[in-house]
Amino acid sequence: MTKPGTSGLIFNEPELWEKSREGRCGISVPRSDVPRAAFDPALTNDAPELPQLSELDVVRHFTRLSQWNFCIDSGMYPLGSCTMKYNPKTNEVQAARTGFAAAHPLAGDLFSQGALKLMYKLEQMLGEITGFPAVTLQPAAGAHGELTGMLIIHAWHAKQGKQRSKILVPDTAHGTNPASATLCGYQSVNIKSGPDGILEPDTVAEAMDEDTAGIMITNPNTLGLFEENIKEICDIVHAKGGLVYGDGANMNAVMGIIKPGELGIDVLHLNLHKTFSTPHGGGGPGSGPVAVVEDLIPFLPVPKVQKENDTYSFITDCPDTIGRMHTFYGHFGVMVKAFAYILSMGGDGLKRASQLAVLNANYIKESLKTTLDLPYDRPCMHECVFTDKTVQEHHISTMDMAKRLLDYGFHPPTVYFPLVVDAAFMVEPTETESKDDIDQFIEAVKAIVKEAASNPEKLKSAPHLPKVTRLDEVTAARKPCLKG
Amino acid sequence: MTKPGTSGLIFNEPELWEKSREGRCGISVPRSDVPRAAFDPALTNDAPELPQLSELDVVRHFTRLSQWNFCIDSGMYPLGSCTMKYNPKTNEVQAARTGFAAAHPLAGDLFSQGALKLMYKLEQMLGEITGFPAVTLQPAAGAHGELTGMLIIHAWHAKQGKQRSKILVPDTAHGTNPASATLCGYQSVNIKSGPDGILEPDTVAEAMDEDTAGIMITNPNTLGLFEENIKEICDIVHAKGGLVYGDGANMNAVMGIIKPGELGIDVLHLNLHKTFSTPHGGGGPGSGPVAVVEDLIPFLPVPKVQKENDTYSFITDCPDTIGRMHTFYGHFGVMVKAFAYILSMGGDGLKRASQLAVLNANYIKESLKTTLDLPYDRPCMHECVFTDKTVQEHHISTMDMAKRLLDYGFHPPTVYFPLVVDAAFMVEPTETESKDDIDQFIEAVKAIVKEAASNPEKLKSAPHLPKVTRLDEVTAARKPCLKG
Amino acid sequence: MRYLPHTRQDIDQMLAVTGHADLNQLFETIPDSAKTKTALTLPEALSEWDLNTEMEELASKNAACGSYTCLMGAGSYDHHIPAIVPYLISRSEFMTAYTPYQPEVSQGTLQGIYEFQTMITALLDMDIATASHYDGGTALAECALIALNKSKKANKIAVSSLIHPAHRQIMKTYLNPSEYEMVEIPADENGLTDVAAFNAMDDIAGVAVQSPNFFGNIEDLGSFRAGADEKKCLLIASFTEALAHGVLKSPGRFGADLVAGEGQSLGMTKSFGGPGLGLLAGTKKLMRNLPGRFVGKTTDSNGQRGYVLTLATREQHIRREKASSNICSNNGLNAMTAAIYMASAGKNGIREIAQLNHDKAVYLKNKLVNAGFKSVFSGPFFNEFVVKAPSGFADKRRELAQKHNLYAGIPLESYYPDMTNHYLFCATETVSRHAMDLLAKEVQ
Amino acid sequence: MRYLPHTRQDIDQMLAVTGHADLNQLFETIPDSAKTKTALTLPEALSEWDLNTEMEELASKNAACGSYTCLMGAGSYDHHIPAIVPYLISRSEFMTAYTPYQPEVSQGTLQGIYEFQTMITALLDMDIATASHYDGGTALAECALIALNKSKKANKIAVSSLIHPAHRQIMKTYLNPSEYEMVEIPADENGLTDVAAFNAMDDIAGVAVQSPNFFGNIEDLGSFRAGADEKKCLLIASFTEALAHGVLKSPGRFGADLVAGEGQSLGMTKSFGGPGLGLLAGTKKLMRNLPGRFVGKTTDSNGQRGYVLTLATREQHIRREKASSNICSNNGLNAMTAAIYMASAGKNGIREIAQLNHDKAVYLKNKLVNAGFKSVFSGPFFNEFVVKAPSGFADKRRELAQKHNLYAGIPLESYYPDMTNHYLFCATETVSRHAMDLLAKEVQ
Ligand SMILES: Cc1ncc(COP(=O)(O)O)c(C=O)c1O
Ligand SMILES: Cc1ncc(COP(=O)(O)O)c(C=O)c1O
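Chains as they are written, first to last, in our numbering: chain A, 1 to 484; chain B, 1 to 484; chain C, 1 to 444; chain D, 1 to 444.
Be careful, since some hints might not be right.
Result set (DSSO-like, lysine-lysine): computed pairs, CA atoms no more than 27 Å apart in a straight line [to be verified]:
1. B:166 x D:322
2. B:166 x D:152
3. D:37 x B:231
4. A:162 x A:231
5. A:117 x A:351
6. B:166 x D:150
7. D:172 x B:166
8. B:435 x B:446
It is worth saying that the hints were derived from the structure and are not from the lab.
My request is simple: use the sequences and hints to build the entire structure.
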């Protein structure tokens, strides 16, 4: 087998200001057709010290920089919890249409019917996929959705007349879950998952009380396991007057299979930049819509999209709303892409995507479980989590394997998360990777595990092919240098 | 100095059919809304054996391939005779406008006024730049322009009543010149340039006779030198009833400085994909407009664009025309880009581009002339030509230096052309390269010449950083494998 | 489906390895009772071509179709975007990469964001800037929380009533579950935040002032700095129009402790309001209180320069419930967009474009006033200003949009109920004199 | 000017090195008498923004503005282009590279073109294909020259009169300076090339037949193969619609010696007729006679697979006046475009799309005939066909374009003067039944 990773010619490139020369300008300054209106000098500064470059300088700079990046389009990106599936190019075409890209958010409903209709329909479709009657598209990312959802839970308790102080958060939860809860003033109570990697109703029942606002639950969880007791757990929480928050970032495993809204979950956020194929952009922007059950609809953020006859409008007159979460309506440009994706896939296509995502993950799990330690040996959903136990004897860690995978031409899995597993190595292939590429990945991991015994130094000093080797993160944090 | 070249992670990628799997399809097959109309099976084949891939397979395949290429956007490309200047991105935006990209060539004049007007105006502007009264945009590339021009000369002689059999071609000419002449049935007579690297009137006078159709002259020539005797030479040729063909591929040196039409040249082609910034595309498409003097206008190819009042139309009714050179009107998409470039630069901008192109070339010539052998030590135009004489003692050739430059992160100059210089090393920086990048290039050449003495093996085995090392071109030609 | 590479044979072979009879059986751990009984009721899958038709139909129902004259701002601005910006940003290597957690293969994103941080500090004259936030409003809300959380005693944040109304609403939403209180500083008759009213307030952890403010007027941040010093509270400067800093005295020069703003003007389309770019900067002292990611410079094991995400101990994935914020994904690609834009414009370009915005806005205001609109405030503004329109303008405005594709201002009444017939106008470098003259003629 | 990086200081420093006083002095070797006396009289430089306005104004004056229904073919076809094609092809690494003369840093272009060559041979069932030519017409002219140059005695090329008229004109232009003669084979009453007429010809070096021919009819290449065998001349098959080969029996199966055609349908826009893609294929025997570039597979000094331009000894830069052709730059990027398109469509996709073209064309023809048009030929066609329109259709046709943005056929009279009121219609996969029904209703 030839591994995808190899080395080639790329280019060094200094920081922008090292290239700057007084008098260069890379932008076309518009011609002025009006008189100059000078400012009172007291109001002004010197021009900001931005670098001065020609257009080619800028193009070459960022082209070179880009070539130092790994991306989905260049290779498999099996980052657990991140759903790095193919980002269809047609989605970009759709979002770039002048009618969307150049739309002003305050042009007024009359002149925004296309955008409003798209948002309305997308809300409906996400409601159908998740099994909820209403959705807000306003949250700008998953964590923002969590905050929105938790604010709704907070507002609901307030409306019930008695606020609560705690929230249950399983140990497998993503870090954003407790952080979002904190922003709502809730104290997180850590809930241990059971020996099977999933939550046990008894544990929840023990922790749940009437000063607890509810539970935040990720299903499938970050171990890639389905929370089988979800209905029972919801019942327990509801019985004590709590609400269930669902982190739906892992929805890619279960579209068309389960609907969280049918399982007792009250509020759920989705990550359009995962499940719905919008690009991650090296950090964002994302979009984190939130779906709610009937009783929570009054608390949704404003403005909301409303349809009357065939006309769409924004409404803000909602007395119980938590208020506004975004300056305008959220990441509309991201919504367009997700909308285009859902229309392209259809219901059957989405279900098939989930089936194949789960197939890919189980295939990897089965193929590697004798090579790597698999702490929870059970059928998984969209991802599977290994540890570095089998290579520890060679003093090789998950980090070493991850870095070595780069030399083989694969992006490493998510490492050291979830925290419940020591030195986790969390693989989420997604459905858009073919068996052939997955087989190459499996071979690479096997080869690396062999190298762990035969040539551990090679792993410890990995990666060898990228432009830079391992970076000194300790000094970076101790003596932060955050600007040039 | 840090050199730009370094190595990084890139990816192996098999040939398309090695990735093919029965049943995959990367295109969205349109929904049918009409009945199937089956063919008589006798008329049909099995489906052609194209590879079967998913959309991501295709995207990843070509993304990986692209990363194996050097390009202007990634580094300096000082290829002599090729004018690898920056290709502005806005030109691409213009050519992609629906009104241009989706225009059908046979929609009729009434529905093609925008395209016709653009072509008309571009002809006018190129006429102004070159000093000729008429231009055809039909030729698809430089060599195609040469053929067009030579056909015009051929037709003119025929019209004079006596065809001639020979054509003078200087030894510095591009290979396309004699090849184009041959296509017109002319026998090329090789003319030696003088000791200064330029043509001497006497040599031309000696060769020119009344069976010679004319001369093909490149000015500035491929040594980067201005043919100072151009007017005298034109007079000599004209006196014997010949015509002067000008290869204007090097027009980038002299825009706004000279106008070939004022010097006695009768026919001239331009390369829009050089002087006028349209991208070379890894081989084409180009565009090679041809400009002519008044007397030759009747011979221009049809269809021609005509303006009457404010309406544009195609005309074909030209009895002396050489005929048609392209199925439609030439490379319209390329014309749009060149048109956008000229509008962006304006007359002063074009002149400035030429001045700076010449400045850059002279700066390199002066900076390297003590490092490399400079056979013609005189002020140059847009390019300068060195040889490998100073490194021959180390058994290092131009080819070795060229390949080693790749490791330094520069595309090599044109090598072993023009033929009049042994082992030419022909550098054309163009005006869009900054002094800083040029200084880096100069440093790189100096470092390589030092290496030639200190570490010749390193040069002979270069390049070391690209994905592949030197390729076996001999076997490739002896046992051609032209398909997979 | 062209996105799904699995052939029948692939599936069979893979199921054989996983030991399942078919795809449905893969979900064996999900109790039957949990499975949904109904197939997804969604529109049938569209081909790429039908999708194009459907999407263009929707897109064409927005005002933005074709080229229109945009005299609206209020947090979303119509600026020229050089062709190289979308071109470069759409390179797969930027667009389809994840957050740069593996720095060895993310140096492109990392150096770019580091450069972004640096240029933002240059633009604002601040010590440090984060790697981006969702938008100006959420960035401002985070700043309010920083001020309040840092304060030992004070539990109020003073907020100018001339901060963008939506930003104030977001702050309110964010503060709602807390014990903190948000108090508004009224506007004075010059359309500026009443500094005297602020000076009279007690128990203030921070004061937030937007300049240019929602009315477009340039605030005297210096007086708020003085007032904040008096109270020993933090000064938070905010903005919605990043380009204003191309010419106006920067918040850093006024001594702001925190700056939050919207960066959409730096190379991003309006895109019906998002994604934009939340900008967040602060003094060095506040470094560990700032939310979200930072890129820092360091070296690799060979001593080569390189960049990493750093100071992660403030962040949710390390600190969980004790994190400085819950933010995870930010608006990274938009930060990269802004970096490309700022590098293109450069020191002189941004100054020139900023000045041109002002020139156009002054021209427009004069034209409108000559045409019978009333100037409402007389102080200096950047590219937005408020006028009172003659009655009947609401209808005229709709007509202008429908007939001339010209969008004339934003009515202020819904934000400030006493401002009937008041409109907030904006003119940027994209607006031609011709269009402004046309407007003036039409409303005469 | 943003494309020119030179600062004042750069220029001064560089002039100091070159020893010139100013930029003008750089041109000292040009005699003053040769220098032009007048500055370039060109429009003043436009900013990027004014350029956008000016170009959109021109673009909007073409029929293509917005989405229109294109029932025209005749060498330029309206097909769907997947979003990935322009996306990938516009990557700088493909777009801004030169001809791959330095193979070590051009493997992307080289492997891509090698794959292109391979897929073209698969599409046409030929032994080899070149790395592209300018367009179908120039490729065909080159084929004629090959046949004529190879032939020891015969000096005529027989050309079907149903080859695209423009292609025939190009051949004529190319052959004009030579001693060679081009003779046309007439059409029979079925709209097919008259094979009997060809069989009766003498002194023929090659015969060129287009299928589907200019009328859209599918020729019986087999009978021309037989005739050519008889004469020991070369059979040149040509085409203007590459997609036809997705379903029709390939020229290779008919035993063509040379194939020339237009590849625009393989992922390229119509672009007012160019740049398209000249396709040129031949038998192995003719390898060294073919014009232009080839990419070949080889190995590097480490034995790794790699690709190079090869067989350059046929080419002008080595052989100069003795080269097989003068071609240098070809249409490489369009060849890459076709490679991406063909890889996306694949075996099944291209078959399905080709069939769909036929389905639509048959539907359209039936509709038109029912609406009163006369079917002119009754044999099989691919996606184009000829009908005779009722009188008055010329006006109706203009009206359809102006009112319904529907372009109904191409009048044939200018090509074949006796074909008054005859129109060549084309229907591809992009045309909806709805549009065809509308047309039928309008012309009823
Ligand atoms: C399970 C889970 N929840 C929440 C989030 C937070 O989403 P975002 O990064 O969009 O804020 C993530 C993303 O990493 C996640 O994986
Ligand atoms: C001087 C000169 N003439 C003619 C040509 C031929 O131009 P093209 O490659 O466009 O056919 C070239 C290109 O290499 C050239 O440099």
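Hints, verified against the model:
no.	hint	verdict
1	B:166 x D:322	holds (14 Å)
2	B:166 x D:152	holds (24 Å)
3	D:37 x B:231	holds (16 Å)
4	A:162 x A:231	holds (25 Å)
5	A:117 x A:351	holds (25 Å)
6	B:166 x D:150	holds (23 Å)
7	D:172 x B:166	holds (22 Å)
8	B:435 x B:446	holds (16 Å)
Checked against the numbered hints given earlier, this structure breaks none of them.
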